[in-house]
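Protein chains in written order, with the numbering used here: chain A, 1 to 294; chain B, 1001 to 1329.
Heads up, some of the hints might be wrong.
[As the list claims (entries may be wrong)] Quick look at which bits of chain A chain B covers, simulated, 3 or more residues with Cβ under 8 Å:
id: 1; segment: 14-26
id: 2; segment: 74-82
id: 3; segment: 86-94
id: 4; segment: 140-152
id: 5; segment: 158-164
id: 6; segment: 220-228
id: 7; segment: 265-279
If you're looking for bench data, these hints aren't it; they were derived computationally from the structure. Built from N, CA and C at the ideal position, the CB exists for glycine as well.
Residue-level listing of the chains:
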Amino acid sequence: MSAPRKKWSRYAIEVQALKLLRPLGIAFFVIITVFPFYYMVMLSLRDISAVIDAPGALFPSFSELSTAAYERVLKSSDDGGEGFLRFLVNSAVLAAATVVVTLAVSILGAYAVSRLDFFGRRTVHFLFLSVYLFPPILLAIPLFVAFSKLGLRGQLPVLVIVYVAQTLPICVYMLRNYFETVPVSLEEAGEVDGATRLQVIRKITLPLAVPAIAATGLFVFMIAWNEFLFALLFLVEERQNWTVSLGVSQLTNIETPATTLMAGSVILTVPIIVLFLFAERLMTEGLTRGAEKG
Amino acid sequence: MTDAPVPAPAPQPSRRRARDTRARRDSRAGMALVSPTVIVVIVMVVLPVLWALLLSFQRIRLLQIRRLDLLGSEYTFRNYDQLLSSSEFFETARTTLYYSVFGTLGAIGLGLAAALLVRRSFRGRGIVRGLLLLPWVAPVVAITFIWTVLLSPQLGFVNAVGTDVLGWDAPIPFLSQEKGTVSLFGLSIGVPTALLMVIIFESWKSFPFAFLFLLARLQAVPGELEEAAKVDGATPTQIFRHILLPQLAGVIALIAVLRFIFTFNAFDEIYLLTGGGAGTEVLATQVYSFLTARNDVGASAAVAMFMAAVLAVLLLFYLKFFGDRDRPA
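So here's chain B without its partners, still in its complex pose:
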């Protein structure tokens, strides 16, 4: 790539002025070309966020929107006061945390297993790789409804198999049961059924994302490393533990942060599966119900700002511990 067909203008001391204008020209062109992108992001993201921040300090109901002036009038902490004094809010925040943490872990665990399985070539590997990505590319509305029907107590496949083959006493309303009990070796364990189901759904829907990135990274691991370990008598689990895992650590950290952010923000999945009922209300669905059912713009903005603040703190942590890995020490 180094041999250009025409010699590139080499920097020469005598052409200092020409270089300056070239740098300035590049700078101007760069700003011009990037400006449409920046304008769209500022108008559709930055300004709305700032406005939402203002809204969260106002008592505004949806019906007043027509006569609302842009910046509103009275500023108050009442939305935040109300949130922080309601046990419902903390309950929702805790559910969101469980959902995000276990959804992320589930997606990475499944994705890692799938990537290790599909890593070596076999017949039909390309097709398998494509099929494993389906849950991630299919429309969320369609797959949530497939799951809703699959898990339905009346006509769902899972309950049909459970009652006919596995001998369950009664069908389980997987998506509307808040607490169930599972008997395991004579022990009865309480299980948050619906929450567990949305976590399993999230892991299923998102594992292809982790799979895709982990597979790409695995295929870039130099083969000599593994060969050398094999010659030294390392077993497959030892190779995974001491050779592959350290190579994957950076990507896993990145995927974990991205998945956590996406899951934490996720609205569609829970709204469509349970409507936020049966102990699955998360912050995102709470924002929506404050906005549409209660018409309370101020309170919904306050919850949303809380979400953004949590993620900002998380991101700062990530950047602090992983962000400067490739910077020379």
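Isolated chain A, as found in the complex:
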């Protein structure tokens, strides 16, 4: 039985302290995560001279706000802008192509790993693990050399292949976790009806897995959209093929005011955050499904 508690027992003190600290702690975490993003948006709408005059101001007056930085960033370089409209298209096409190819390959792979007992099934895991064990910068060296030698280095399709290789293992992992929750009996029923393996996948497993596939696809889109190292190494000399990430990073090379830099960052960030808020549950559950078992 619980002992009778004195008013200032350790228990009472701890419970009281936690009651006070918990809201403070939650507020602390919300502030440290949200503030930098608020600062980015706020700065992108201010005038650079006003920022230099009052760098500590957090709530600029409404009349001070302007969209000049966005106009400069989005306008094509012929019109004296930075040409981000084109980079947005490049990034979207690159990320979408990566999603399509990665999903096509990883659905088959994940299905095989979760359902079929084949020779080498166990060693396949080590192959996937190796992708994350080796530093991307290590892979970048030979790929850089090889694609330079082939004269293909600045091409977007080359980058699609690189991104597919980088995202495949996490996709196979997420989809496999999901396939394992689909009851085998459903598929066996299909097989008894005389369907082939591919028909079973297409007609029974895939329709059930649509949410998981969507979540995985969004995750891949996010990784491809955010990627920086390979875009920098492969595309930097081909300005018309730049992604938004690369475009923003190159803004610092010239004399660019911080407000323009922040406008570019907003353009880079908003699509990803919208996507994420839209599908957060779906994406995070697929990722942590394996962790609950401990």
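Dock chain B against chain A, hints included.
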């Protein structure tokens, strides 16, 4: 889930041959379905790694690439000799170790605190959970630039508050100052300012990853355990120490290994924040500068192979101590 609408083909002794062909058919289908994945990984990961290994034993400069034949010609240990005899390399390796260890600890510490805070339901919990994941999902280029501007000595918010409100004598160039001093209770302590900043950045950017996994695990802890401890008069810290922490140990170990690997390999963050200057050069940025600034393919491959070797050793340790937990003894 056990009652299938149509009876599954039950294994019967008389149908041994049918079962054999079924197993073989499955095996063939499995290999066929997994082969595109395996081919992509072999072509884009395994072969490049092996080739990088060969490159690390050659003296190759970027300009020679055009006439380079695939396997190169002369093999030598000179790249490794040069690395191991340069103090710069050891300096960089040490910085990488500090960055990875403290970045990992920071991310796990913040993630654990956040997961414990958000564990119980409250109004707006879903929104808070989503907001806390922002640093992790936002593009690295954008968030490094936000931090660069925030910390800028001329127009950054942090220095504005520091000089106007906290009474600093002068703005602090957080990302370009190698050594600074902090006065605490009359003591002057030397601080590697820029390195500390990139470690704090890394902890901030990556804590959501730890938060996500720890929260998922915390919510799977059976409620009866805690209830029983409460009935016995356990205080919240005692419950954390003796009930929750043991349940979390496995996930924490896994997150620690993953975060260490990712941080150890990280290039973007440091390249974009400091360019590897002010005492923040890590192995990944060194590989990049060897490759692009010095055009020295061989030396950059040697540094990269060293990184892979360190991680391979780490992974072997992990698998040895944690890998066979769920295998029956």
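Evaluation of the provided hints:
1. Counting residues of the segment 14-26 of chain A whose beta carbon lies closer than 8 Å to any beta carbon of chain B gives 6, which reaches the threshold of three, so the coverage claim holds.
2. With 0 residues bearing a CB less than 8 Å from a CB of chain B, the segment 74-82 of chain A misses the requirement of three and the coverage assertion fails.
3. Counting residues of the segment 86-94 of chain A whose CB lies closer than 8 Å to any CB of chain B gives 0, so the stated coverage by that chain is violated, three being the minimum.
4. Coverage of a stretch by a chain is defined here by at least three residues with a beta carbon nearer than 8 Å to that chain's beta carbons; for the segment 140-152 of chain A and chain B the count is 9, and the condition holds.
5. Evaluation of the coverage hint for the segment 158-164 of chain A: fulfilled, as 3 residues show C-beta separations to chain B shorter than 8 Å, against a requirement of three.
6. Proximity of the segment 220-228 of chain A to chain B, defined as three or more residues with a beta carbon under 8 Å from a beta carbon of that chain, is established by the 4 residues found.
7. Counting residues of the segment 265-279 of chain A whose C-beta lies closer than 8 Å to any C-beta of chain B gives 8; at least three are required, and the coverage claim holds.
Hints 2 and 3 from the list above are not met by this structure, while the remaining hints are.
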